[in-house]
Amino acid sequence: MSQVVFWTGNEVTAEAGIAAGCRFFGGYPITPSSEIAAVMAKRLPMENGIFIQMEDEIAAMGACIGAAMAGAKSMTATSGPGFSLKQEHIGFACMVEAPCVIVNVQRGGPSTGLPTHPAQSDLMQARWGTHGDHAIIALAPAYLRELYLEIIRAFNLSEKFRLPVIVLIDEILGHMSECFEVPEPHEYTIFNRVKTDKSPEEYNPYEVSDGELVPPMANYFEGYRFHATGLNHDKTGFPTTDQVLCQTDEVRKHEKIAQNRAEIDSWEEIMLDDAEVLVIAFGSTARGAQTAVEEVRKDGIRAGLFRPITVWPFPEERVRELAQGKKAVIVAEMNLGQMILEVERVAHSDVKIVGCQKIGGIPIEPYEIVAKIREVG
Amino acid sequence: MADRFEARFSAVGGQGVILAGDLLARAAYEEGKFSVQSPTYTAQVRGGPTKIDVIISEEKILYPRTMAIDFFLSLAQRSFDSFGVGLKPGCTILVDPNLVHDCKGHKNVYRIPVIDLTHTGLGRIVYTSVVALGAMVELTHVVKNETIQKIVEKHAPKGTEKQNLKALDIGFSAAAAAKADE
Amino acid sequence: MAFDYTPYLRMSKMPHLWCPGCGIGIVVKSMIRAIDRMGWDKNDIAVVSGIGCTSRAPGYLDMNTLHTTHGRSISFATGIKLVRPEKHVIVIAGDGDMTAIGGNHFIHACRRNIDITCIIVNNNIYGMTGGQYSPTTPRGAKAATAPWGNMDASFNLTDLAIGAGATYVARGQVGNGTQMERFIRDGLSHHGFSVIETLANCHTQYGRRNKLPDPMQLIKDIQEHSVSKSKAEKMNPEEMEGKLIIGELYKNTQRPEFCDEYEKLCQRVQELTKKVEAPV
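Chains as they are written, first to last, in my numbering: chain A, 15 to 391; chain B, 391 to 572; chain C, 124 to 403.
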């Protein structure tokens, strides 16, 4: 029988990381994510993995990228202010295509905000937090068993597509516990980075063969002696200011996401077949949103829930399809309107889109979403 | 949502209610139910008011925080004042009358001196939260007495199983007597 | 026979971007000779840098090279070293890079005593960005952002490194490449965090603003402000004013090294947890 656990979300995150093959954790204390580092500090030495508490958030992220370049699967965890600090190196990881996983246990903000209370206000930061054009993947699970599997998926996607993958949870999920059976290894797959089959003489770190978008990776110290830089570079890894080469390389990094949507996208649809009111919510908010949808159904209001699990890239096409012809679309989120901007961007202009938004550290309660549905339904 | 049961265990830091909540949630899982628990999370200091919310349901638990509390335990006036909110009308309330004097006009209050009972019955007050847990289970029957016994026995620190089971029994009896007094 | 640098260089990347007469070249050559004396395989060496003129060095070195963000090379190097502690990790940085924006990473690497060799090319200025004053620009010197003379106090880098816990600390200067090579080599052989500060000329950004526009003039000026350890011992504070000591300034082989300690920790934890089942 599987192991039944009653871990907090933060414990789940750490244990799932280890199950995914994470053997390097660069941490820095910050509420409400600190327990992830604490579990890693305890567990990684048992697995011949490395835990280090760095001098700051930026260094924690830098160490993870260094570890990734040397061949390890690496992870860091943080919250609000720390996520802001890490942005510089998240951009670097995008640029050198270093696989790594960043968990953001969201709290209220801006600035120090509400360290011990939940928020979902880093959604846009997860997408656009670092400067420059870049593609990113961000996952937002809502349940703890799902969190376990999504952490594993985050590692798989980061290894497969060679980029930082962000997992957005929040204080609610980080600190709550939920009994579940730990998924057995046969219930998930583990993806390890594709190594180059070329000889060191033939190897170019950012060269892709025809039809491919992700360059096979060589780790440091394996005879390849390649160069990696945060400067725009060509396939050889060396800096270039050639406009065509710069654009080609950056477009490829976008395309590796854009052309693999089938594998990256993930969402849950609840009671949408006959729905007239579409509720969209992610992460912990989606749990209350489902309760709300079930409640109003009792009164004959046909509402349904769309819950993106992969939040970046945003599921544009599916949201556009689902929004079409609906009486109204409600976007519930613990911020002052971030995912709603995406919904407004992709839905047809004649659809009525309303927000159900709340900040201040108290989650959106089901009755608040119920009221909103009744208002429009 | 109909069968959703929400329990809140509150006290001042150090009284062990977090453990009690954890055990209750595990017992619910043991009976094939779903359970979620959320502790208070603030910059808590020892002696400050603290709580743990446990939600139990036959169905998958969606909203993970409390909406209408069915059972409220308080082992300190301060925790009663801080956390005695969001209670369902008719919520079952259990307090230690030596520590909680003002129940703000709530009905359905069971006053069981759990700390005195623990001290008298076991000689040490470290089992207070388990006595309270026994009383809670007897009052609400949200899980079976046998289930909570099984879980307490399984999770008690080695060598303290007997004492913990005795603590549960003290809680069961006190609650049964309190109910009989109604 | 002249030393052949080419096996260590990516010759296809030449010419380099440094100004003619730049002191960085002397440091890089000294470093290559030191590596050569160590007899290390190029495949086993990682060179990590941040941003700035000095930080462009890894691009020219035929090793495992990583050109990172401003000031933060040590954090990346720490990750690399921890994953492959048996390999050699070298950080090369300028004074602005390492001691201003990278100051925090620098002192903590010193404190950890992780086995990384950190070479700091101190030319008293931000060169690449256009001659702004750095934490080592002398008081009174002119810079793009100190047109009326620098009013800010400067760091003594080696004192900083020693105070923070580095276990090998030396200072060389570009007027003596052989000596510099020896310091770098001793730093590479040292098991712990080693810091080699190399006083270097940036005649373009520093010299031209401070009446020393010619490389030889500036190198001579650096030499005039340098004092050997033995000489310094005989000098009083007034005589030492504005002077920097050249030499091996600190060495401690007793302090535990971070990777060794981590390895021991893992062994201890694994020994302990063998007996007790991991708690759920």
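Keep in mind that the hints were calculated from the coordinates and are not lab data.
Please note that the accuracy of each hint is not assured.
[Stated by the list, open to error] Straight-line C-alpha distance at most 25 Å; calculated SDA-like pairs for lysine to any residue:
(1) Lys56(A) <-> Tyr500(B)
(2) Lys548(B) <-> Tyr381(A)
(3) Lys165(C) <-> Ser213(A)
(4) Lys478(B) <-> His509(B)
(5) Lys249(A) <-> Pro138(C)
(6) Lys450(B) <-> Pro253(A)
(7) Lys387(C) <-> Tyr381(A)
(8) Lys136(C) <-> Pro253(A)
(9) Lys165(C) <-> Pro219(A)
(10) Lys165(C) <-> Glu29(A)
(11) Lys56(A) <-> Gln393(C)
(12) Lys210(C) <-> Asp211(A)
(13) Lys397(C) <-> Lys423(B)
(14) Lys423(B) <-> Val208(A)
(15) Lys450(B) <-> Ile315(A)
(16) Lys387(C) <-> Lys312(A)
(17) Lys165(C) <-> Asn218(A)
(18) Lys136(C) <-> Leu245(A)
(19) Lys249(A) <-> Leu132(C)
(20) Lys478(B) <-> Ile376(A)
(21) Lys136(C) <-> Leu286(A)
(22) Lys312(A) <-> Lys423(B)
(23) Lys165(C) <-> Ile376(A)
(24) Lys210(C) <-> Ile376(A)
[Claimed, not checked] Facing chain A, according to a computed beta carbon distance under 7 Å, are these residues of chain B, among others:
(25) Tyr419
(26) Val426
(27) Gln427
(28) Tyr453
(29) Pro454
(30) Arg455
(31) Gln467
(32) Leu489
(33) Lys544
(34) His545
[Claimed, not checked] Some chain C residues flagged as far from chain A (calculated, every beta-carbon gap over 12 Å):
(35) Arg156
(36) Phe199
(37) Gln346
(38) Gly370
We put the CB at the ideal spot given by N, CA and C, even for glycine.
Structure-based check of each hint:
1. Restraint check for Lys56(A) and Tyr500(B): the C-alpha separation of about 42 Å exceeds 25 Å, so the hint is violated.
2. The suggested pairing of Lys548(B) with Tyr381(A) is violated, with an alpha-carbon distance near 45 Å, which exceeds 25 Å.
3. Distance check on the hinted pair: Lys165(C) and Ser213(A) sit about 16 Å apart at the alpha-carbon level, within 25 Å; holds.
4. Taking the CA atoms of Lys478(B) and His509(B), the gap is near 32 Å; set against the 25 Å cutoff, the hint is violated.
5. With a C-alpha separation of about 20 Å, the suggested pairing of Lys249(A) with Pro138(C) holds against the 25 Å cut-off.
6. For the given pair, Lys450(B) sits about 53 Å from Pro253(A) by alpha-carbon distance, which is inconsistent with the 25 Å threshold.
7. Proposed proximity of Lys387(C) and Tyr381(A) is contradicted: the alpha carbons are some 55 Å apart, above 25 Å.
8. The suggested pairing of Lys136(C) with Pro253(A) holds, with an alpha-carbon distance near 10 Å, which does not exceed 25 Å.
9. Between Lys165(C) and Pro219(A), the direct Cα distance comes to roughly 18 Å. Compliance with the 25 Å bound is thereby established for this hinted pair.
10. For a cut-off of 25 Å, the pair hint linking Lys165(C) to Glu29(A) is broken: about 37 Å separates their Cα positions.
11. For the hint linking Lys56(A) to Gln393(C), the alpha-carbon distance of about 11 Å falls within 25 Å, and the restraint holds.
12. At roughly 23 Å between alpha-carbon atoms, Lys210(C) and Asp211(A) fall within 25 Å of each other, so this suggested pair holds.
13. Pair hint Lys397(C) plus Lys423(B) does not hold up; C-alpha atoms about 34 Å apart against a cutoff of 25 Å.
14. Between Lys423(B) and Val208(A) the alpha-carbon distance is near 43 Å, which puts this suggested pair outside the 25 Å criterion.
15. Of the pairs offered as hints, the one joining Lys450(B) and Ile315(A) holds, with about 22 Å between alpha carbons and a cut-off of 25 Å not exceeded.
16. The straight-line distance between the Cα atoms of Lys387(C) and Lys312(A) is roughly 62 Å, outside the 25 Å bound, and the hint therefore fails.
17. For the suggested pair Lys165(C) and Asn218(A), the alpha carbons sit about 18 Å apart, so the restraint of at most 25 Å is met.
18. Restraint check: the Cα-Cα separation between Lys136(C) and Leu245(A) comes to about 15 Å, which is no more than 25 Å; the hinted pair holds.
19. Under the criterion of a C-alpha separation no larger than 25 Å, the hint pairing Lys249(A) with Leu132(C) is consistent with the structure, at around 19 Å.
20. The hinted pair formed by Lys478(B) and Ile376(A) meets the criterion: a straight-line CA distance of about 19 Å does not exceed 25 Å.
21. About 59 Å separates the Cα atoms of Lys136(C) and Leu286(A), which puts this hinted pair outside 25 Å; it is violated.
22. Note on Lys312(A) and Lys423(B): the hinted pairing holds, with a Cα-Cα distance of about 23 Å set against a maximum of 25 Å.
23. Taken as a hint, the Lys165(C) and Ile376(A) pair is broken in the structure, with Cα atoms around 56 Å apart against an allowance of 25 Å.
24. At roughly 50 Å between alpha-carbon atoms, Lys210(C) and Ile376(A) are farther apart than 25 Å, so this suggested pair is violated.
25. Interface hint at Tyr419(B): satisfied, since its Cβ lies 4 Å from the closest Cβ of chain A, which is below the 7 Å cut-off.
26. Because the closest C-beta pair between Val426(B) and chain A is about 5 Å apart, less than 7 Å, the hint holds.
27. Hint on Gln427(B) holds. Least Cβ distance to chain A is approximately 5 Å, under the 7 Å limit.
28. The restraint placing Tyr453(B) at the interface with chain A holds, with a minimum CB-CB distance near 4 Å, inside the 7 Å limit.
29. A hinted interface residue such as Pro454(B) counts as satisfied when its beta carbon comes closer than 7 Å to some beta carbon of chain A; here the least separation is about 5 Å, so the hint holds.
30. The interface hint given for Arg455(B) is met, as the beta carbon of that residue sits about 6 Å from the closest beta carbon of chain A, less than 7 Å.
31. For the restraint placing Gln467(B) at the interface with chain A, the shortest Cβ-Cβ distance is roughly 23 Å, beyond the 7 Å limit, so the hint is violated.
32. With 7 Å as the threshold, the beta carbon of Leu489(B) stays out of range of chain A, its nearest partner Cβ sitting at about 26 Å, so the hint is violated.
33. Given hint, Lys544(B) at the interface with chain A, is violated; its Cβ is 11 Å from that chain's nearest Cβ, farther than 7 Å.
34. Interface hint at His545(B): violated, since its Cβ lies 10 Å from the closest Cβ of chain A, which is beyond the 7 Å cut-off.
35. Arg156(C), annotated as away from the interface, keeps every beta carbon of chain A farther than 12 Å; the closest lies near 19 Å.
36. A Cβ of chain A approaches the Cβ of Phe199(C) within 12 Å, the least distance being about 4 Å, so the stated non-interface status is violated.
37. Look at Gln346(C): its CB is around 34 Å from the nearest CB on chain A, clear of 12 Å, so calling it non-interface holds up.
38. Against the 12 Å criterion, Gly370(C) stays outside the reach of chain A, whose nearest CB is about 29 Å from its own CB.
Going through the hint list in order, the structure does not satisfy hints 1, 2, 4, 6, 7, 10, 13, 14, 16, 21, 23, 24, 31, 32, 33, 34, 36.
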